[in-house]
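Colleague: Residue numbers (my numbering), protein chains in the order written: chain A, 1 to 380; chain B, 1 to 380; chain C, 1 to 380; chain D, 1 to 380.
Everything labelled a hint here was simulated from the structure, so no lab data went into it.
The reader is advised that the hints may include incorrect statements.
Treat identical chains as interchangeable: a pair holds within one or across any two.
[Claimed, not checked] Here are the simulated DSSO-like pairs of lysine-lysine, each with C-alpha atoms no more than 27 Å apart in a straight line:
| id | residue 1 | residue 2 |
| --- | --- | --- |
| 1 | 372 | 223 |
| 2 | 155 | 372 |
| 3 | 266 | 155 |
| 4 | 318 | 374 |
4 protein chains.
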Amino acid sequence: MSNKKKLRIGIVGYGFMGRAHTNAYRQVSRFFDCEYEPVLKAACGRNEEKVKAFAENWGYESTETDWRRLVERDDIDAIDIAAPNNMHKEIAIAAAEAGKMILCEKPLGMNTAESKEMAAAAKKAGVKTLVWYNYRFIPAVTMAKNLVDAGKLGKIYHYRANFLQDWTISEDVPLGGQALWRLDVDASGSGVTGDLLAHCIDTAMWLNGPITSVSAMTETFVKERTHSETGEKKSVGVDDACAFLARFENGSLAIFESSRYARGHKALYTFEMNGRDASFAWDLHDMHRLSYYDNADGDLRGWRSIHVSEGEHPYMDKWWVPGLNIGYEHSFTHCLYGFLKSLEDGEAGFHPDFSDGVKTDVVCEAVLESAKTKSWQEIE
Amino acid sequence: MSNKKKLRIGIVGYGFMGRAHTNAYRQVSRFFDCEYEPVLKAACGRNEEKVKAFAENWGYESTETDWRRLVERDDIDAIDIAAPNNMHKEIAIAAAEAGKMILCEKPLGMNTAESKEMAAAAKKAGVKTLVWYNYRFIPAVTMAKNLVDAGKLGKIYHYRANFLQDWTISEDVPLGGQALWRLDVDASGSGVTGDLLAHCIDTAMWLNGPITSVSAMTETFVKERTHSETGEKKSVGVDDACAFLARFENGSLAIFESSRYARGHKALYTFEMNGRDASFAWDLHDMHRLSYYDNADGDLRGWRSIHVSEGEHPYMDKWWVPGLNIGYEHSFTHCLYGFLKSLEDGEAGFHPDFSDGVKTDVVCEAVLESAKTKSWQEIE
Amino acid sequence: MSNKKKLRIGIVGYGFMGRAHTNAYRQVSRFFDCEYEPVLKAACGRNEEKVKAFAENWGYESTETDWRRLVERDDIDAIDIAAPNNMHKEIAIAAAEAGKMILCEKPLGMNTAESKEMAAAAKKAGVKTLVWYNYRFIPAVTMAKNLVDAGKLGKIYHYRANFLQDWTISEDVPLGGQALWRLDVDASGSGVTGDLLAHCIDTAMWLNGPITSVSAMTETFVKERTHSETGEKKSVGVDDACAFLARFENGSLAIFESSRYARGHKALYTFEMNGRDASFAWDLHDMHRLSYYDNADGDLRGWRSIHVSEGEHPYMDKWWVPGLNIGYEHSFTHCLYGFLKSLEDGEAGFHPDFSDGVKTDVVCEAVLESAKTKSWQEIE
Amino acid sequence: MSNKKKLRIGIVGYGFMGRAHTNAYRQVSRFFDCEYEPVLKAACGRNEEKVKAFAENWGYESTETDWRRLVERDDIDAIDIAAPNNMHKEIAIAAAEAGKMILCEKPLGMNTAESKEMAAAAKKAGVKTLVWYNYRFIPAVTMAKNLVDAGKLGKIYHYRANFLQDWTISEDVPLGGQALWRLDVDASGSGVTGDLLAHCIDTAMWLNGPITSVSAMTETFVKERTHSETGEKKSVGVDDACAFLARFENGSLAIFESSRYARGHKALYTFEMNGRDASFAWDLHDMHRLSYYDNADGDLRGWRSIHVSEGEHPYMDKWWVPGLNIGYEHSFTHCLYGFLKSLEDGEAGFHPDFSDGVKTDVVCEAVLESAKTKSWQEIE
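Could you put the whole structure together from the sequences, leaning on the hints where they help?
Modeller: Written out as structure tokens, the structure is:
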């Protein structure tokens with residue numbers, strides 16, 4: 001084993017996100033040079049058989065079936081929360097109180113009240129935090145941020161984003177249980193707003209600053225589904241679709257939309273930003289490309305399809321050779337890399353942290369409130 | 001000259017739309033077989049020199065400088081209104097009273113009150129009407145309509161459309177005068193809402209039925225511009241950008257957006273419709289293609305880029321050979337073809353007519369009212 | 001009728017190309033300002049009924065059924081040859097001898113011997129000539145030429161082009177007769193080589209200079225078809241597909257391919273040129289776009305999709321407004337515009353003329369000879 | 001450590017391919033379920049410091065600086081050859097003689113003679129072999145193969161492929177040494193032909209069967225470069241660009257092209273196959289998509305852009321969720337997965353093995369010979 005400093009990880013949850021985070025822990029040190037190296041100390045889940053299989057497959061040294069035990073362990077530096085949303089708050093607060101760093105899947109809480117409580121606990125304990133808004137760390141997205149920071153766009157007029165899926169169109173899709181808790185409002189808190197728009201909002205505020213007001217609508221197309229475990233019909237409490245208008249502090253206008261009923265789109269997260277001097281657009285389905293339009297190109301202006309795979313591009317000097325793509329999973333790897341680097345730098349902060357997570361939850365809540373009250377909501 | 005029945009045209013206006021309509025009058029009989037053939041009888045404009053040059057170039061037999069004279073002429077069957085919006089009402093009512101058919105550029109009126117007055121006058125006079133919502137007649141758009149009518153999409157969940165331009169970003173663009181009356185609210189009635197969103201709304205209701213409620217926001221980014229004729233500063237009264245949420249009678253949700261500040265987009269009119277079974281999307285910049293996704297394609301499903309240029313496709317058997325595109329201008333040719341065919345069929349109606357024009361103006365007005373009052377507006 | 005100078009046209013042929021050329025004659029003066037204006041004097045075809053219908057539809061003043069009569073007429077300045085390839089030579093030579101300008105559909109002759117004879121006759125008679133290599137005049141293609149002329153690409157390494165169709169895959173497609181003479185080697189001289197690759201070669205040499213050697217292969221996939229008029233089986237003499245390697249005088253390498261058996265492609269004429277500093281690519285299916293890659297764009301380099309529809313772009317200030325496409329047909333309009341302008345300029349030459357047509361025929365013949373002999377052919 | 005059967009790996013080489021193979025060894029068992037699990041036993045390289053750093057980073061248990069030592073070790077089951085081409089033969093033969101399985105980077109040998117010797121040695125020793133023609137294992141490419149095998153394309157008319165890069169345009173790029181041995185003919189054997197076209201040829205024969213004849217041309221644009229280690233000028237012996245025509249045993253025609261001077265393309269490996277009933281096309285730059293055209297789609301036919309990321313698609317049920325891409329690196333993971341599965345199945349063969357590697361080398365050699373002799377070469 002290497003001489004690097006260790007960041008000993010205990011993870012709660014072994015589903016989609018449990019796998020994605022774990023893969024990042026295993027891969028980051030292979031491709032990036034950090035003082036710290038994650039060590040897979042323990043995996044925790046309620047189903048002992050499943051958590052043991054997960055741990056063996058991915059190389060965790062041990063398992064727990066009670067997250068409270070995990071949080072208490074002395075041989076763990078950081079707790080990764082990859083459990084359903086309704087468990088985030090309790091685990092995070094306990095972890096903070098135990099002095100552990102926290103790497104929490106998004107959205108931070110079930111609602112703003114929870115998020116704020118979590119952030120307060122972390123702040124009080126002085127522990128480092130991360131919220132897995134992984135899309136910031138896709139090279140083409142990071143490149144977009146760099147363009148904004150370099151002032152290439154000039155004054156911003158428009159922002160638009162959507163996140164479209166189509167997997168719940170069939171009325172036969174059940175809800176609840178391990179795989180389908182996202183459809184059960186008791187476990188998820190909300191539907192597309194917390195699951196998908198939260199990503200759009202996080203990226204939007206990172207690129208374009210604070211949102212000041214929203215007007216939203218939501219819809220639940222299928223009103224009742226069978227619970228995957230009980231077999232009983234249950235009323236669907238989540239929003240199947242949500243769209244909203246927004247104004248940003250910088251004077252720009254925005255539209256956001258998300259749905260799980262957009263036939264033909266699997267995970268179409270897109271955003272576009274139009275400035276006086278330049279514009280860009282991005283699309284998760286072709287995540288390795290950034291579309292960029294520079295008005296300074298004169299009569300040769302056109303949307304450039306930048307294949308973000310060259311050594312000058314963010315993160316890409318660490319991977320293969322120009323022209324070769326990396327996958328979705330490495331958004332987590334890069335996110336983790338940033339976190340590890342922030343540990344080296346002492347006081348330097350990492351973002352997105354819990355304070356960022358709160359800001360996104362505040363917007364999500366205003367969106368849901370706007371849809372409920374059919375009125376514009378101001379965001380302080 | 002051919003033995004066809006004649007439709008003797010008198011046109012008011014010789015700008016962009018005057019040219020586009022006239023080109024259609026000249027071309028329709030070359031490519032389509034109708035009983036009726038347009039005859040370019042007279043062109044009318046206030047500037048005698050310019051209207052004479054226009055008439056000579058395009059082959060109008062005569063000119064007028066007072067539209068009232070044009071409307072009175074016995075040798076004219078139909079009045080084409082291609083003048084600024086603030087002249088539509090007066091001309092249309094006079095034309096109706098003179099028993100002339102009316103082919104009016106969109107939007108129909110400066111506001112709903114005007115539109116309704118125009119439609120009432122035409123109805124009272126029993127004259128045939130057309131509103132030049134030309135985009136319905138682009139082959140790929142007509143094909144989209146055919147897919148809806150054939151039930152290929154199933155229940156509709158989502159509609160989205162935008163119309164994005166970037167030509168007014170510079171503060172140095174003046175307003176007013178012949179070329180720039182679209183920026184002068186006194187001549188245009190509104191900005192992007194009446195100019196661009198009207199197209200989006202017309203197509204949307206044609207494809208997806210009535211809109212029942214809207215929540216909108218508008219913005220005017222440049223508050224003051226120099227008038228092109230007077231040289232004086234004038235407050236800009238039009239909306240530079242407008243976005244709105246909408247609900248349709250069929251239960252689907254929609255977002256609409258338009259701007260003249262969307263850097264990189266010249267005339268990006270797009271729409272997309274997501275149904276249970278299939279979806280389609282279209283984009284004016286590549287107007288000869290329809291994107292279509294059919295869920296029945298199983299593991300080979302993907303967005304099909306249909307190059308709408310084959311003999312089986314709407315209108316295309318009349319043009320060249322498969323693979324060869326036609327241009328924007330023939331949306332007018334096809335629109336006119338439909339109108340001429342409706343003359344043959346006696347009682348058969350043509351759409352979009354003035355009643356359709358009113359419906360779109362009603363939505364536009366609700367949109368502007370919603371933006372002004374920051375509230376949802378119901379549409380009866 | 002206007003005071004412009006007249007160019008009185010007599011056309012032979014009323015098929016696809018007869019329509020395309022005629023449309024250009026009618027449209028050019030509507031959109032472009034020239035001293036000369038075409039006048040549709042006479043249309044000629046062997047079938048009297050059909051040629052009369054054609055003339056009436058398009059506005060020709062008179063008809064002929066014998067092209068020799070047409071060529072003799074005093075009231076005609078220019079002969080347009082839109083008849084099958086096997087008639088080009090005889091008509092062109094007679095027209096030259098009668099002192100008429102000649103606008104001839106491509107390829108110029110059935111073979112190099114014919115082409116050279118035609119060019120010699122025109123030269124001897126001192127008449128102006130045009131070969132309808134219309135693709136040079138698509139705005140995006142003209143723009144590509146301007147980039148080359150401006151030295152934007154630097155030293156050229158690669159050229160590639162193809163022209164792919166799929167309309168003859170079915171063995172049930174007959175050959176011969178008015179519509180299908182392109183499949184009858186007696187009327188066409190060759191298959192895809194003269195019909196499609198001739199376009200690729202003309203553009204290639206215009207953009208990239210002379211071709212010095214070729215190695216080709218051809219194939220005829222369906223060996224026998226039914227003649228559309230006689231109903232008898234006839235051996236297919238044309239090449240269904242042809243591909244060749246080429247070297248240019250400037251040291252660049254090229255590949256060319258054409259087929260009527262490329263399922264999924266209707267008229268996919270594409271070319272791409274790679275230089276030291278920049279590259280471009282174009283595709284007839286989306287003919288209003290030029291893809292351009294400029295290595296000077298640094299870490300923001302990517303293929304720019306230039307929507308060739310703005311006022312700064314070739315020809316486009318004469319049409320509509322930015323973002324709006326024109327169609328295939330106006331490649332002929334622009335070609336004709338160039339010819340009309342060359343009449344104004346006195347000694348100024350127009351290209352492509354018969355000498356250009358000969359050059360392309362020479363390469364086509366070398367290609368066919370290479371395929372036949374399975375050897376590289378040098379082109380003097 | 002798990003109870004799985006072990007495949008103990010010794011690798012020679014720690015460059016680009018050393019990393020790519022090793023990553024596959026580490027990842028395959030995380031995502032795929034096999035009886036066998038790779039164990040990283042030893043890494044070998046001439047530079048002790050570098051090989052130790054490589055081993056530590058990736059988790060190899062030990063290192064060697066002499067490949068002969070590696071081959072002799074009892075604790076190793078399989079030798080991975082990721083060293084420059086000129087070392088393949090000697091190592092492979094020694095490994096075979098030592099009874100080791102061999103996983104060799106492509107091309108198999110420096111030329112056909114070497115390849116055949118290697119294949120004979122492996123056959124004689126009865127050891128399992130693999131050649132890392134990794135592109136077969138990209139999900140969209142595997143899907144293309146499945147379409148061929150299912151007979152979806154019908155009779156094939158055309159195949160075309162290219163592999164375009166632009167990294168050697170500058171005359172300042174040196175040659176030789178660890179990173180740049182691909183430009184040194186003594187280490188590589190050939191330029192783009194063995195490096196890039198070998199991939200195109202392997203995929204082509206896998207999809208479309210044997211190639212029977214070729215006509216090629218090659219070029220070396222920069223004739224002399226500085227050696228990266230000696231600092232001396234050296235004549236460039238590799239082909240910078242190569243294009244060839246080919247005929248397949250099934251009667252289809254093909255064109256192939258590769259270059260390192262195609263400005264704007266980084267690793268543009270594309271292929272397209274046109275059949276009577278359907279066609280497909282693929283592009284490494286957007287490797288997660290397969291373009292598919294099915295003529296049975298009638299008037300709704302168009303190229304489908306299949307986002308190969310769903311559970312029904314090859315390999316994709318093992319990764320994330322629909323819509324999320326995986327990267328280039330997993331072509332190696334999937335290739336290895338196939339090899340591991342073949343170990344379970346006893347007699348079942350794995351492809352591509354050394355016999356496949358020989359076939360591709362035979363075509364490469366014919367291509368180079370054709371270019372040299374300027375003649376068609378038959379392939380027995």
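Colleague: If a hint holds in the structure, say so; if it does not, say that too.
Modeller: Results for each hint:
no.: 1; hint: 372 / 223; verdict: within (16 Å within a copy, 34 Å between copies)
no.: 2; hint: 155 / 372; verdict: between (33 Å within a copy, 24 Å between copies)
no.: 3; hint: 266 / 155; verdict: between (33 Å within a copy, 19 Å between copies)
no.: 4; hint: 318 / 374; verdict: neither (49 Å within a copy, 43 Å between copies)
Hint check: a violation occurs at hint 4 only; the rest are consistent with the structure.
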